[in-house]
Structure formats: C-alpha cells, structure tokens
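Same order as they appear, the protein sequences are chains L and R. Using my numbering, the first residue of the first sequence is number 1, and each one after it goes up by one. Using my numbering, the first residue of the second sequence is number 1001, and each one after it goes up by one.
If you're looking for bench data, these hints aren't it; they were derived computationally from the structure. Glycine is no exception: its CB is placed at the ideal position from the N, C-alpha and C atoms. A couple of the hints might just be wrong.
[Unchecked claim] One-sided and incomplete, this derived list gives chain R residues near chain L with beta-carbon spacing under 10 angstroms:
no., residue
1, Leu-1019
2, Val-1028
3, Ser-1030
4, Pro-1043
5, Asp-1071
6, His-1075
7, Ala-1078
[Stated by the list, open to error] Restricting the straight-line Cα-Cα distance to at most 20 angstroms, the calculated cross-link-like pairs of lysine to aspartate or glutamate (EDC-like) are:
no., chain 1, residue 1, chain 2, residue 2
8, R, Lys-1070, R, Glu-1017
9, L, Lys-13, L, Glu-75
10, L, Lys-13, L, Glu-52
11, R, Lys-1070, L, Glu-75
12, R, Lys-1057, L, Glu-104
13, R, Lys-1056, L, Glu-75
[Stated by the list, open to error] Partial chain R-side listing against chain L, Cβ under 7 angstroms, derived:
no., residue
14, Phe-1010
15, Gly-1085
16, Leu-1086
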Amino acid sequence: KAGVTQTPRYLIKTRGQQVTLSCSPISGHRSVSWYQQTPGQGLQFLFEYFSETQRNKGNFPGRFSGRQFSNSRSEMNVSTLELGDSALYLCASSLSAGTSGIYEQYFGPGTRLTVT
Amino acid sequence: TQLLEQSPQFLSIQEGENLTVYCNSSSVFSSLQWYRQEPGEGPVLLVTVVTGGEVKKLKRLTFQFGDARKDSSLHITAAQPGDTGLYLCAGDFNFGNEKLTFGTGTRLTIIP
Chain L
1 KAGVTQTPRY
11 LIKTRGQQVT
21 LSCSPISGHR
31 SVSWYQQTPG
41 QGLQFLFEYF
51 SETQRNKGNF
61 PGRFSGRQFS
71 NSRSEMNVST
81 LELGDSALYL
91 CASSLSAGTS
101 GIYEQYFGPG
111 TRLTVT
Chain R
1001 TQLLEQSPQF
1011 LSIQEGENLT
1021 VYCNSSSVFS
1031 SLQWYRQEPG
1041 EGPVLLVTVV
1051 TGGEVKKLKR
1061 LTFQFGDARK
1071 DSSLHITAAQ
1081 PGDTGLYLCA
1091 GDFNFGNEKL
1101 TFGTGTRLTI
1111 IP
C-alpha cells in the first residue's frame, strides 16, 4: 500500500505571495492532519479534516487554510507569506479510531517551504 | 491545555551504550505513540501503547506505558548510529476527538 505523498517537496516563495501544498493520504484513510515543524517550535498542529469537514483546528492565523476533497486528498494554503512561515509542512493520514480507540497517524515526507 | 514534556531534549552517546528517554504529562492518554524522524523526512511511527503498564519491544527498543497512562519511556539497548534521529511521543488525550498532541522531542545522536 502506497504511503502518504506530498507535493511539492521543496518550495521557495517571496514574502507576500501565497502557496498551496498538496497531500494524498494512504488509500482508505479519511482523516488528514497538517502540521508545521520548525526548529524552535517543534511540531505544531494546524488543522485536521475528516470526510471533507474541518474537525480540529490549531492556533494559527486565518492566513492558513485547508480543504479536503471527496477522494480524501487535501490541500493547505498560506496567503500573504511571512518570513516566519518558513518551515517543514507535514501531512499525516489516519483511519478513524473507531471502537478500538486507537488513533495512529502516518506521515508524508513533508514540504520544505522557504520564504525569502 | 495538555502538554507533553520529553526529556532529555538532546542526548549524545557512544555506540553500544544504553539510553532512556521520557515522555510525561499531567493528563491521561487514551493511547500514546512513539515516532522517529530523520532530517528532511516525516516522522515514522514506531509503536502505539494503549494499556497502563504495557511494555512493547521492537528489536533493541523497549517502550513502556505508565500504570496511570500519564507517562511513557523508550529504552534503547546497545545504541547504533542508525538510531540517530528525533524521537517524538504523541498522545491522544481526547478520547474520541482524534487529535494527537506531540511532545517537544528528544534529539538523539549516536557517535560511532
């Protein structure tokens, strides 16, 4: 079974521009979460989508948005880029915990965004 | 706000030595995962623990879940350079809300 894929792997943008990142989850996984990882702040939760609905949201400004399509693929968008948005953006997919109560996430390789 | 504290933050040891890293919280987890991340890649799931007191082994790695399900430890025996990486614990506090909270991470370097 193919893993989580993210595109592009690397991206360089200029302040003020916007960017769209894409994530394809593991087949059968309906939950997709997005994280921002920086050396100083560690892994910070952005948001999570399940069946095309945003189910959880972290503490990020409204410049960060996302969506999920009917095939579970997800995109996140960052508008009006700032230097501080430079980070590794990670996508993770998961099955619903269901009756087991176990919720595991499987990560993609990430998109390295550099804002200049 | 639930917090997951990992210690130590950095650890550098010689090949062949043993080590333990810790993951602690003041809240109860419904489950807890350990991940390892290498530079430029996403975290890779190593193990999930669910039951208080549970111990799981993965070759030279031993994972333990505290009896009260508020803490966990990862013990590596005879560390090898391939164990180098960032170790992250992640807890599901929300019992059905399906959201993981990640720890601060332990950066491990094994010196050949």
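Cross-check of the supplied hints:
no.: 1; hint: Leu-1019; in the structure: 20 angstroms, violated
no.: 2; hint: Val-1028; in the structure: 13 angstroms, violated
no.: 3; hint: Ser-1030; in the structure: 5 angstroms, holds
no.: 4; hint: Pro-1043; in the structure: 5 angstroms, holds
no.: 5; hint: Asp-1071; in the structure: 18 angstroms, violated
no.: 6; hint: His-1075; in the structure: 21 angstroms, violated
no.: 7; hint: Ala-1078; in the structure: 27 angstroms, violated
no.: 8; hint: R:Lys-1070 <-> R:Glu-1017; in the structure: 27 angstroms, violated
no.: 9; hint: L:Lys-13 <-> L:Glu-75; in the structure: 17 angstroms, holds
no.: 10; hint: L:Lys-13 <-> L:Glu-52; in the structure: 28 angstroms, violated
no.: 11; hint: R:Lys-1070 <-> L:Glu-75; in the structure: 34 angstroms, violated
no.: 12; hint: R:Lys-1057 <-> L:Glu-104; in the structure: 18 angstroms, holds
no.: 13; hint: R:Lys-1056 <-> L:Glu-75; in the structure: 36 angstroms, violated
no.: 14; hint: Phe-1010; in the structure: 12 angstroms, violated
no.: 15; hint: Gly-1085; in the structure: 13 angstroms, violated
no.: 16; hint: Leu-1086; in the structure: 9 angstroms, violated
In this structure, the hints that do not hold are numbers 1, 2, 5, 6, 7, 8, 10, 11, 13, 14, 15 and 16, in rising order.
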